[in-house]
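Undergrad: Could you build all of it, start to finish, from the sequences and the hints given here?
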Amino acid sequence: MASVTYRAVDKIYGDGLHAVRQLSLDIPDGAFTVLVGPSGCGKTTALRMCAGLEEISGGELLVGGEVINRLDPGKRDVAMVFQNYALYPHMSVFENIAFPLRATHVPAAEIKTRVERVIELLDLREHAKRKPGNLSGGQRQRVAMGRAIVRQPKVFLMDEPLSNLDAKLRVQMRAEISQLQHELGVTTLYVTHDQTEAMTMGSQMAVMRKGVLQQAGAPQDIYNDPANLFVAEFVGSPAMTLFAGHTELDNGRTVLVLGQQRLELAEGALARHPAVGRNNGRRVVVGIRPEHMQPPGAADSGRARLRGKVTLVEPLGPQQLVHVDVEAEPVVSDAVLEIAGDGDAEAGRANRRGTAAVRAVAAFDSRVNVQAGSEIELAIPTEELHFFDPDTGMALRG
Amino acid sequence: MSYYRYTPRTLLRELVMVLIGLAWMVPIFLLLNVSIKPGGFEVYGSPFAVTSKPTLSNYSTAWQGSAVGSLGHGFVNSAIITSISVALLIAIGSLTAYTIARRGGRASRLLTGLFTFGLALPVQLGTIPLFAEMRKLGLVGTYSGMVIIYVGLLMPLTIFLYMGFLRSLPLDYEQAARVDGASPLRIFFRVVFPLLRPATGTVAILCGLIIWNDFFTPLIFLGGNSHATLPVVIYGFVAGLGTEWNIIFAAVAISVAPLVIFFIFAQRQLIRGYSGGIKA
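Protein chains in written order, with the numbering used here: chain A, 1 to 398; chain B, 1 to 280.
Just so you know, the hints here were simulated from the structure itself, not pulled from any lab data.
You may find that some hints are simply not true.
[Unchecked claim] The calculated label-pair distances, taken between Cβ atoms and stated as ranges, are:
hint: 1; chain 1: A; residue 1: A357; chain 2: B; residue 2: R167; range: 50 to 58 Å
hint: 2; chain 1: A; residue 1: R130; chain 2: B; residue 2: S83; range: 32 to 40 Å
hint: 3; chain 1: B; residue 1: L110; chain 2: A; residue 2: Q220; range: 55 to 63 Å
hint: 4; chain 1: B; residue 1: R103; chain 2: A; residue 2: R117; range: 48 to 56 Å
From a predicted model like this one, the values you see are computed outputs, not experimental measurements.
Note that beta-carbon positions come from the ideal geometry of N, C-alpha and C, so glycine has one too.
TA: Okay, structure coming up:
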């Protein structure tokens with residue numbers, strides 16, 4: 001086991017594409033770090049550089065404190081799980097798992113015991129003699145895991161290993177992989193574009209965009225305190241609702257103006273975001289998480305209100321997602337539009353063109369009675385608001 | 001509901017297929033029909049008519065052989081030359097194609113161009129200088145000489161077939177093996193070569209057929225020699241006006257038998273090799 005450290009790592013392809021820019025990331029020994037971002041953000045390239053399948057254009061990559069930039073993939077003592085598993089189709093499950101051991105000339109008797117132990121661990125006993133072509137998606141996934149585990153490597157590298165599974169199996173394998181990693185305690189770097197996987201699986205999460213690391217930290221910390229608009233909108237499902245607005249000083253109190261609506265900021269909000277209170281009159285982008293927009297109840301009589309019209313109610317069992325059109329200015333920065341357009345800022349711009357309202361998504365308890373088409377008031381705990389600079393997209397901190 | 005329906009169009013299509021199939025069967029029918037005729041007028045006058053006196057004696061006569069040598073001897077010669085040539089073509093061709101396909105760069109492009117050029121080059125043009133060189137080297141009339149010629153002649157085709165298949169083979173398998181710590185040779189022999197099986201099947205059948213049926217090269221390089229291959233032995237039956245076609249047809253039927261048997265067992269691989277692709 002070992003730590004993995006990216007020190008200002010760059011990747012520039014032959015055609016000039018700058019896939020990874022100055023990536024600096026520290027993955028402590030035994031940690032489960034998830035690299036997440038939209039397609040083309042450089043996360044897979046970063047992973048493949050660690051595996052030795054991509055050359056490193058600049059910077060240093062360390063495993064266990066040793067620079068491995070020029071080390072052959074087979075000598076790095078890392079194991080990789082590929083997106084499509086890359087199981088050798090002509091070999092049985094046993095032979096697939098035994099392959100890394102045979103390749104490194106482990107004695108035959110030891111191979112047998114080690115492979116059998118892994119087969120037992122992954123519950124593959126009855127499939128040991130079958131070929132990958134005759135296995136289900138979940139079983140193939142397990143064999144791919146087995147091939148990685150059997151080597152007892154310093155680091156696991158996983159490239160979207162769950163993306164080929166159906167939704168139910170994905171949830172199950174998500175838990176299995178997390179548990180396995182926890183038991184084995186092997187440092188793991190896991191790549192996904194699915195922010196749910198990133199939130200639930202990792203002890204650490206690193207969000208990338210266009211080859212640049214946006215934010216790294218514990219998933220809950222990133223969720224609670226996103227560093228910029230991109231992270232704010234990318235992490236969390238349903239996404240954070242963003243409004244463009246400005247602050248004003250009104251009778252000594254700071255008021256947030258969103259379109260025609262005025263929300264008085266509570267003491268707690270100003271204490272958390274002193275920068276907002278200091279610069280009255282400045283333009284800001286305000287973000288609200290779905291769980292922080294609630295139907296007004298007795299408990300929050302003093303809270304700020306946001307009016308809107310319910311356009312859609314999606315029942316999810318324990319919760320319901322309530323889509324509310326709020327008359328306010330939408331946020332049209334590139335980072336946000338890129339997510340709205342699924343990685344393509346132009347498509348996102350087209351999506352949001354001509355809208356004078358912001359579609360807010362609130363998560364209500366399913367017992368609350370809401371009708372589509374009705375007018376609604378949302379109670380907003382202003383201390384839970386997120387503030388961003390509309391020009392730089394960075395969170396307003398300090 | 002199934003998307004497939006049996007319509008009059010389907011029936012028509014099937015009829016056309018059956019007719020085409022029958023057309024392909026005509027030479028085979030002719031071959032077998034003549035090979036069991038007693039000879040004389042029945043062979044020359046009405047080759048398509050079914051004989052009332054079928055005989056297998058043509059086969060035993062044919063097996064005795066012609067002026068060149070016995071059919072059994074020709075069989076052994078053909079088998080030795082074909083199997084060694086095909087084995088070498090597969091061994092050298094697959095490794096070469098793999099290196100060219102995966103290495104990339106200018107050298108690879110140059111070699112690809114060279115082998116494509118070799119594919120288009122007519123063999124007969126080079127026969128005379130080739131014969132002169134082979135004689136100087138003492139390789140005329142030997143097994144090794146024939147093998148060298150065939151491996152050289154068919155290498156472009158072999159590499160072309162392997163490269164086509166390699167292009168459709170995902171890199172993931174090799175990359176997984178690299179990360180697993182396998183050496184380049186282990187990656188090739190344990191991972192890539194087994195995955196190339198459909199292409200290997202195509203190479204074996206196609207090149208095997210070409211070599212087995214080749215008449216021109218062995219006639220020149222093995223002429224009047226005890227190493228004569230089957231087609232040359234069969235040609236020995238041809239004797240101007242006195243040629244007994246029923247005997248020749250029996251000899252031909254014997255010589256194609258192993259290929260037909262081979263094809264029956266390997267046809268699925270052959271088709272897969274042509275169409276490419278691999279299933280995980």
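Undergrad: Hints first: check each against the structure and report whether it holds.
TA: Going down the list of hints, with the structure as the test:
Our hint of 50 to 58 Å for A357(A) and R167(B) holds, since their Cβ atoms are close to 52 Å apart. For R130(A) paired with S83(B), a C-beta distance near 34 Å keeps the hint of 32 to 40 Å intact. L110(B) and Q220(A) have their C-beta atoms about 57 Å apart, which keeps the hinted 55 to 63 Å range intact. Here the CB-CB span from R103(B) to R117(A) is close to 39 Å, at odds with the stated 48 to 56 Å.
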